[in-house]
Every structure is written in C-alpha cells, then in structure tokens.
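Construct the complete structure from the given sequences, taking the supplied hints into account.
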Amino acid sequence: MTSPHPPAPAGPDELELRLGPIAHGGHTVARTGEGRVVFVRHGLPGELVRVRLTEAGPDARFWRGDVVAVLEADAGRRDRHVWAPADSLVTWGRGEPPVGGAEFGHAELAVQRRLKADVVAEQLARLAGLETGVEVEAMPGEDPRGLGWRTRAHFAVDAAGRIGMHPHRSAAVVPVDRFPLAVPALDDLRLAELDLRGVERVDVAAPADGGTPLVHLGLAAGADEPRLRRELARLAADRDVSVTARAEGARELETWAGRPSVVEHAGAHRWEVSAEGFWQIHRSAPGLLLGAVPGAAGARPGEHALDLYAGAGLFTAALADAVGDAGSVVAVEGSPVTSADARRTFAGRSTVRVERGSVDKVAARLWPGAAALSRGRRRPASGRAAARPDVVVLDPPRAGAGRVVVDQLVALAPRRIAYLACDPATLARDLGRFRRAGWTVRQVRAFDMYPNTHHVEALAVLEP
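Residue numbers for the sequence shown follow our numbering, beginning at 223 and rising by one.
Fair warning: there could be bad hints in the mix.
Label pairs and their computed distance ranges (CB to CB) [claimed, not checked]:
| id | residue 1 | residue 2 | range |
| --- | --- | --- | --- |
| 1 | 472 | 283 | 40 to 48 Å |
| 2 | 283 | 566 | 45 to 53 Å |
| 3 | 253 | 625 | 29 to 37 Å |
To be clear, the hints were calculated from the coordinates, so they are not data collected in a lab. Glycine included, each C-beta is placed from N, C-alpha and C at the ideal position.
Laid out in structure tokens, this is it:
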C-alpha cells in the first residue's frame, strides 16, 4: 500500500511554505501542497518562508521544521533576533540548528503576547469548552526587548568542558558564552571561561535583589573533583559567589564555597532556596505572584488554606498571613530538597504544616473521605482527617494536576481554588474536568513571565 503523502524531499530538505496559525508549543502550523502538516518554529502566522525540515518521513503523522529564510515577513518580525545562537536564520546559514531558550526572539514583544493569548484562548476553548478572551500581561518593569529577566539558568556541558544549550528536541550541546535572557549577575560569572570537563550539568541562580549568586555542578562519574575545585576557585576568587556540587549517585551535595542556598525576598518575607530547589525564575515573578495568587484565593482570617505543589513556600507565606493565628495552612511539596527548604522557612510558624510527598497521596492521607469520594466509594476511608480547606492554591508542574487530584479537590469542596499553571494545555484539561463536575471558572489571567519564549503563565480562579 502506498503512502498518501510523498516522501521527504531529497537534497537540502527544504520547502517553501505559507505559515498558518500559532499552535501550542511555539510552532506555527503549515501545510504542504499535498496536505501534509508541518509544525514550523521561528516563524510568524501569514509569513511566506523557506523551511528546513528537521523531522520528516513518509510515514510520519506530521513533519517539523525551522524557518531558514523569510520571503514575505510579518510586520511584527524584529529586524534582528535578540540572541544569535537562537536565530535559525543565522545558525542554519552555517549548517547548524539554533539552541532553544529564545524561540520567539524574532518577534516583537507585543506580537509574542498576542500569539500567547491566542494559544491560551484556543486551549481553553478546545479542551475546557471555555470561550473567553485572554490578555497576556507584561511583567512589572520589563525590559523593552524582554531581556535580563531569568534569575535561574541551566546549562549542559560539552566534551571539551564548555557550557552550552541544546537545540530543540536534540541531545547535542551547542557552546554558548552568554545568555541575554538572564539577569546580568549570571552573565557576569563568565562560566564560559571555565574548563568544566567532568561536569554534566550546571545550574545557576542569582537573587533578583542582588544577593549572592550560586553555581551548582552535577558531576559525572569519575569527575576529577580536585581539578574542578581549583577551577571553580577562580570563579570565587574575585566575587561573592557560592558553589555546590553533587557527585553522581551521591545522596548529599557538597558546598565548595559560600553557602548551599540563595536568599530570596518578596514583600516582607524571606526564603532560603537550595541549589536544587525550585523558585520562580522571572526576577519580578515572586513579587507579582505573592499578591496575585493568594489574593485570587481570597483566604480570610480563621480559615484553613491548602497550598499544593508549594515549592519553597512562596504562596504559603501569604496564605499564612491571610488566615492569621486562628487559621492554618497545609503546604504540600513532593521534592525532598524544596520541601526541606519550606520546613526551614516556616519552622517558627505553628499555623503552617509542611507535608512532603506526591499531592494525591498526601491528600488521601490527610482527607481520606475525599480520597474515597474521588474513587466513587460511598463510605469514607478510615483515618483521622485534617481540617477541610476553605481555599486552595495549586501550582503544578507542566504535567498539570491531573484527574486524581482534580477529583480529590472536587470532593473536598473548598469555596475557592486559585490554579496557577505554566502550561495552557494541561490547565485547560484540568479546568475542563472541574467544569464537568459543576465548577465555574470565574477568571483567567495570563502573565508574560517568559519573554522571548513561547511559554506563558496563567492563573484561573474556580468556585463550586
């Protein structure tokens, strides 16, 4: 049986395509003359472009490709990309794929936000049955080009010991010497000048208020630690910087310089976040979200609040302030490192209880009745239940909360839920499940917390 689609073109594997609408994931959607779907990165809807195919085959459901030449440009295309290593026009010109991390850097910020709003609205309509207009809000104090906002960055290391990043859907490492999306304090570390042979991954963090940055090394098996210690000593010789490392398979990390955490502030609160812990990466995000998310939940004095996927406790702090001494907050976090950070932060607050574990299992243990109802059982499971939450905040990873957690929350029946999401597709999927259970989505806001990338943060408020 012959394939309904022709094989991938021979030679340079390039096609001339008119780009269609934006799709979730940072692609535009195009079609070949034969009807083959091609997901294209580094373009804008309506542009006529030449595309280099990066994934193609006669039996593939769809193809993928990068724009390598713009024949008819959209008015929202920048004259120059914000970062050359991520510019497909430049890198493919020398036969190399662009790195990830700035895949929308070819578009003006206003255009980026419009595209992100289209994606959020489309996902809500398709997966949640929710027709609503969405405006993607700029972050406070945003740079006019969307640069200098990342307080965290992650780098791979190539065989020569140079820091680098991966192209989209590739394990290759492309060396980089700077990252303009990062706050200046991270570029000022000049990590590209170090010989990091024996390191598999480098994580760097710099507090938004100018505090001491931290460099964490994930060491490969057989790494020459004495040599790496000497190399990293160069980094700490003329600046205040902390350095930590974890050997492959080791349970504990080692502190080579400074302290094993960074100190973060937002509002009147202070957190210590470990090298491998989680914190919001946009420099303005903690301050903005500290007010927006707990405010959306609307906790009142004396109420009980539940903070799911709590991280180091950014929202836990505001919820504890809101419910006061007569109320309580349960914070649930699965990461052993990050939950330990939260425990240290709230050790002196008797109204805050930090639970470590997967959200569904902790909820089943603390509220066995809700767990039973979410599984369709008529009688509550045995066990001593915690106080039922009046309000819930959840900030799950990209995979979303999922069926079990949504059903548990429906069974718990808080009066309001504030759901913060970094993926509009999984948010829409979960909102659809809430709506089918009779809940109402009162509001959806979106924030441009990741300028020059396709990522967007969204906040939904739900009530039964």
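For each hint, the structure was consulted:
no., hint, in the structure
1, 472 / 283: 40 to 48 Å, "holds, 42 Å"
2, 283 / 566: 45 to 53 Å, "holds, 48 Å"
3, 253 / 625: 29 to 37 Å, "holds, 34 Å"
In terms of the numbered hints stated before, the structure departs from none.
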